Amino acid sequence: MATRFEPKIVGFLCRWCAYTGADLAGLSRINYPPNVTPIRVNCSGRVDPTLVLKALAEGADGVLIAGCHPGDCHYINGNVKMIRRFKLLQRLLDQFGIERERVRLEWVSASEGGRYAMIVESMTEEIRALGPLNWKREMVIAA
Amino acid sequence: MTNPKIAFNWASSCGGCEIAVLELGAKLVELKDKIDIVFWPVALDFKYSDVEGMPDKSIDVTFFNGAIQNSENQHLAQLFRAKSKILIAFGACAQMGGIPALANTKSKEQIFNSSYKETPTTDNPQNVRPESKFYAPEGELTIPEFYNRVRTLDQVVDVDYYVPGCPPVGNQIEKVVGTILSGLLPPKGAVLGASDKSLCHECKLEKTDRKVSKLVRTYETIPDPKRCLLEQGIICMGPATRGGCGAICLDANSPCRGCYGPLPNVIDQGAKMLSALASIFDAESEEDIQKLADSVVDPIGTFYRFGLARSLLKRTQE
Numbered sequence: 001m002a003t004r005f006e007p008k009i010v011g012f013l014c015r016w017c018a019y020t021g022a023d024l025a026g027l028s029r030i031n032y033p034p035n036v037t038p039i040r041v042n043c044s045g046r047v048d049p050t051l052v053l054k055a056l057a058e059g060a061d062g063v064l065i066a067g068c069h070p071g072d073c074h075y076i077n078g079n080v081k082m083i084r085r086f087k088l089l090q091r092l093l094d095q096f097g098i099e100r101e102r103v104r105l106e107w108v109s110a111s112e113g114g115r116y117a118m119i120v121e122s123m124t125e126e127i128r129a130l131g132p133l134n135w136k137r138e139m140v141i142a143a
Numbered sequence: 144m145t146n147p148k149i150a151f152n153w154a155s156s157c158g159g160c161e162i163a164v165l166e167l168g169a170k171l172v173e174l175k176d177k178i179d180i181v182f183w184p185v186a187l188d189f190k191y192s193d194v195e196g197m198p199d200k201s202i203d204v205t206f207f208n209g210a211i212q213n214s215e216n217q218h219l220a221q222l223f224r225a226k227s228k229i230l231i232a233f234g235a236c237a238q239m240g241g242i243p244a245l246a247n248t249k250s251k252e253q254i255f256n257s258s259y260k261e262t263p264t265t266d267n268p269q270n271v272r273p274e275s276k277f278y279a280p281e282g283e284l285t286i287p288e289f290y291n292r293v294r295t296l297d298q299v300v301d302v303d304y305y306v307p308g309c310p311p312v313g314n315q316i317e318k319v320v321g322t323i324l325s326g327l328l329p330p331k332g333a334v335l336g337a338s339d340k341s342l343c344h345e346c347k348l349e350k351t352d353r354k355v356s357k358l359v360r361t362y363e364t365i366p367d368p369k370r371c372l373l374e375q376g377i378i379c380m381g382p383a384t385r386g387g388c389g390a391i392c393l394d395a396n397s398p399c400r401g402c403y404g405p406l407p408n409v410i411d412q413g414a415k416m417l418s419a420l421a422s423i424f425d426a427e428s429e430e431d432i433q434k435l436a437d438s439v440v441d442p443i444g445t446f447y448r449f450g451l452a453r454s455l456l457k458r459t460q461e
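The listed protein sequences derive, respectively, from chains A and B.
Sequential numbering from 1 applies to the first sequence in my numbering.
Sequential numbering from 144 applies to the second sequence in my numbering.
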């Protein structure tokens, strides 16, 4: 039997909401796919687009950025700054031919462990259906 | 003491870098007693075989402009690397791919289709395409092989220094030549002939802290010649671009396009500019933000006009 493709997803989770929400998902013993590698950041607004591009260029199949719901940002409006950056980043990734499903911006509060698990599950399945991104390998072949 | 031997070479580029050297004019004549030029396609008649006949490491400094887009470019990059003690990536194309690297948004097939078939002025009923080998009755003819992807000089061979610019400005070229003649060279990998601060530091336009609710393209407006262009809604690459050119485009009331490349320690110039631009969006709701983002017509051509080959993603997915 062929082995199922397991997407590698890098997750940038804000420390005040999304990371705590992910923690809660674990504490509540919710079952969800292990495909997201979480990286705790202080605020979703702290995620430089360089980090997203670097993750994709170096082998990730997708990137999840998750922070507090708009209006709930610990730093007042860091997540709104991320929306501005993210909309532009989406336009850029479209032009590079990278599917929108691969890079997502989501809001997860500290009490939404279930929501975090659901997001990870849907994202994993969507990227599994798309297949590997393989940016690094493609680049070598394209030389 | 013999004069240092200097070579200039020209790969995939427009030739403007060589013209920028020529434009030194009378100063070049003063230089002629201090340096020996051993190869310079734009001005002197040397052949590749002259360079091939030189011993390894016999050229002191080679200024190499142009990206690597075909097998001839690659061969020359390797040849000059072998023959030179110091190899300098001269100009935006050699440093970051430059304008030729925008070809990385298309495949070789698409480029050939456009050039030899689809353009309205092309008349090519037999669909003739360049082939790297052709067998004529007299024997085999060859032309360089066109690559599917444009690369920077340092993606092909080891590079010692970088001189940014499209083209590098005259006074900075003089400074670089002065640095080389002085023998006091910075550590390998350094960027010569540019500042370590962003272009905004040397731009004379007045900057307040205004945000924008609408972006305009240069042809749609005549900007106020005294105020920051970004604050007038024109995308100017200044915040994400190395200074050193003297903000000459801004003097002509035209926005910076980013040819001097990323600032020190920046991995991806386009990502930094994207952040900078998003930070001046005067929009709170998702719909307003979306509208502003959608008004950036060509994100790759705007944020990576000179730097696509050196960017993190390097080319689009086919």
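Rather than coming from a laboratory, the hints here were simulated on the basis of the structure.
Fair warning: this is a prediction, and the values are worked out from it, not measured in the lab.
Please note that the accuracy of each hint is not assured.
As the list claims (entries may be wrong) - Below are the DSSO-like pairs computed for lysine-lysine, each with C-alpha atoms no more than 27 Å apart in a straight line:
#1 B:K175 / A:K136
#2 B:K318 / B:K177
#3 B:K347 / B:K331
#4 A:K54 / B:K331
#5 A:K54 / B:K369
#6 B:K249 / A:K54
#7 B:K318 / B:K200
#8 B:K251 / B:K276
#9 B:K148 / B:K200
#10 B:K340 / B:K350
#11 B:K369 / B:K357
#12 B:K190 / B:K200
#13 B:K318 / B:K170
#14 A:K136 / B:K200
#15 B:K228 / B:K331
#16 B:K228 / B:K175
#17 A:K54 / B:K148
#18 B:K318 / B:K148
Problem - Contradicted hints - numbers only - result: 1, 3, 5, 14, 17
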